[in-house]
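Residue numbers (my numbering), protein chains in the order written: chain A, 1 to 149; chain B, 1001 to 1110.
No wet-lab data here; the hints were simulated from the structure.
Here the structure is a predicted model, which is why all the values come from computation and not from measurement.
We treat Cβ as the ideally placed atom computed from N, Cα and C, and that holds for glycine.
The reader is advised that the hints may include incorrect statements.
Unchecked claim - Derived lysine-lysine pairs resembling DSSO-like cross-links, with alpha carbons at most 27 Å apart:
1) 1090/B / 1039/B
2) 137/A / 104/A
3) 137/A / 1052/B
4) 1052/B / 17/A
5) 11/A / 1052/B
6) 73/A / 143/A
7) 137/A / 1090/B
8) 1052/B / 1073/B
9) 1031/B / 104/A
10) 1052/B / 1031/B
11) 1052/B / 73/A
12) 17/A / 1073/B
13) 95/A / 1090/B
14) 1090/B / 1052/B
15) 1052/B / 143/A
16) 95/A / 1067/B
17) 1072/B / 1090/B
18) 104/A / 1090/B
19) 104/A / 1070/B
20) 143/A / 1090/B
21) 1072/B / 104/A
22) 1039/B / 1070/B
23) 1109/B / 104/A
24) 1015/B / 1109/B
To be verified - Derived list of chain A stretches under chain B, where covered just means 3 residues or more per stretch with a C-beta under 8 Å from a C-beta of chain B:
25) 10–21
26) 40–51
27) 54–68
28) 82–89
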Amino acid sequence: MEKSIDKNYMKLEFLSKSSNESFARVVVAAFASQLDPTIEEISDIKTAVSEAVTNAIIHGYEYGEGMVVVEAKLEGNRIEITIEDFGRGIEDVQKAMEPFYTSKPDLERSGMGFTVMETFMDELVVESELNKGTKVKMIKEIKSQSNRE
Amino acid sequence: MQMDYDIVDDYLIVKLSGELDHHTSESLRRKIDRYYSSKNLSNLILDLRDLKFMDSSGIGLIMGRYKMCKDKKGNISIVSTSPYINRMLKMSGIYQIVDVFSDIDEAIKG
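If we strip away everything but chain B, and leave its shape as in the complex, we get (with noise of 0.2 Å):
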């Protein structure tokens, strides 16, 4: 699992690749927060494109972020293309709370 940053205007992005399982999931929920946290953004961008594998750990990890970008009263968006990872968000109904876009400009957008 490794973990890229960026900063785009008020958006922190983060760039996941590799394999995304419990795992891995909890050292990096702890990194994304801390980061999150000390640049003081309010909204995220996940970058999931070159993610391998994901399994519900991803969802849970994702839902955590979302509240947790709620309370600063920001928003978190998902970039995705693969059919697999879309399938695991379709169905954990991630769709209904989570804006997904195919590139980083689209999630900038809005």
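Extracted from the complex, chain A is given alone in its bound form (with noise of 0.2 Å):
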């Protein structure tokens, strides 16, 4: 039976630090049971919001302090989820969507983290400022049980 949920809403705000991203996923992708997904939608979710919070965390903040805020929604079968940091933003957007890219190559970064994003959910939108900040809104529909194979 699918599983619809009127709205409900929850926000999240922690201190830039990368012992917190574990912390971040876990709290969404316990939110996000509440649409009944399955084990790979959960993975899917727990992946996405990794990537972002790593990138606030590294790319924000550079490892200095800021604060990062999760927010996320569920209407319907679907989940918004918008990660936003205040840090020093992203010049330009569209490269470093690019598979591959990464600004932090001595960091052994892959430069897959928004190509994992969009691959994992089904919407991706990523708004960026210099030195005001970057927001990244993600949506994924939960597919009802029904549909399920």
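Using the hints, put the two standalone chains together into the complex.
Right under this line is the structure:
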């Protein structure tokens, strides 16, 4: 049976420490579980959140301290997740979104973060302004139980 | 994140369990590199079967170890059976440069 939720909302705010990456993805996954997603859908959400939060910490604040804000909205069978930092921003969003592009090759970053978000979620919007910060919005539709194989 | 080592013939086998993300990958790569150079082995097998989570930080870690092994004229291979992790590997194009096996014996036989 399809599980549909009228509306629900959560907001999480935490310091840009890498130890909070797992905290953030687990919280969003637990919130998304209200839509009764498959294990694969939960993995997709966790991975996409992990990528966006990691970007905020590494690129937004470059290991300096700042706050990362994660919000999630449930509506019908959709989850909309926004991850926002108030750090340095991205000069060229289009370039940053190219597969394998990384501004930090010394850190062995693969440059796959945005590609992972795009692949695992249904929609991805990135807004960024230099020295103001970056906001990543992602939407995923949770397929109804009856459609599952 | 937990890591166990084993040596079979001239292969260093590193077995990872837990969650591999940006936070855990930084100390992990230092440990692997230290062990790899101290044992003076050229071949590396990364066993990912007990990983519960991996994001693109894992891809970066594999690419970095691939270069390290190439510099020592060795080979890196991966053991992975999780469809979720295999999907990440496939998406990143790792399959084109690194062989992926379903168990350690297969990886050693190549």
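So if I understand the rule, the pair passes when the alpha-carbon distance is 27 Å or less; does residue 137/A with residue 1052/B pass? 25 Å, holds
Quick one, are residue 137/A and residue 104/A close enough, alpha carbons at most 27 Å? 23 Å, holds
For a C-alpha distance cap of 27 Å, please report whether residue 73/A and residue 143/A respect it. Holds, at about 16 Å.
Check whether the Cα positions of residue 1090/B and residue 1039/B lie no farther apart than 27 Å. Between residue 1090/B and residue 1039/B the Cα gap is close to 30 Å, so the pair fails against 27 Å, i.e. violated.
Verify the proposed pairing of residue 11/A with residue 1052/B, using a straight-line Cα cut of 27 Å. OK: residue 11/A and residue 1052/B at ~26 Å, within 27 Å.
Chain B over the stretch 40–51 of chain A, status - at least 3 residues with CB closer than 8 Å: Contact hint for the stretch 40–51 of chain A vs chain B: holds, 6 residues under 8 Å.
Can the restraint linking residue 95/A and residue 1090/B be considered satisfied, given a maximum Cα separation of 27 Å? Since the Cα atoms of residue 95/A and residue 1090/B sit roughly 22 Å apart, the hinted pair holds (cutoff 27 Å).
Is residue 143/A within 27 Å of residue 1090/B, Cα to Cα? Between residue 143/A and residue 1090/B the Cα gap is close to 24 Å, so the pair holds against 27 Å.
Decide if the proposed pair is consistent with the structure: residue 1039/B and residue 1070/B, CA atoms, cutoff 27 Å inclusive. 16 Å, holds
Checking one constraint from the list: CA of residue 1052/B to CA of residue 143/A, max 27 Å. Satisfied? OK: residue 1052/B and residue 143/A at ~23 Å, within 27 Å.
Could you grab the alpha-carbon distance between residue 1090/B and residue 1052/B and see if it respects the 27 Å cut-off? Status holds; Cα separation ~17 Å.
Is residue 1052/B within 27 Å of residue 17/A, Cα to Cα? 21 Å, holds
The structure shown violates the earlier hints numbered 1, 8, 12, 23 and 28.
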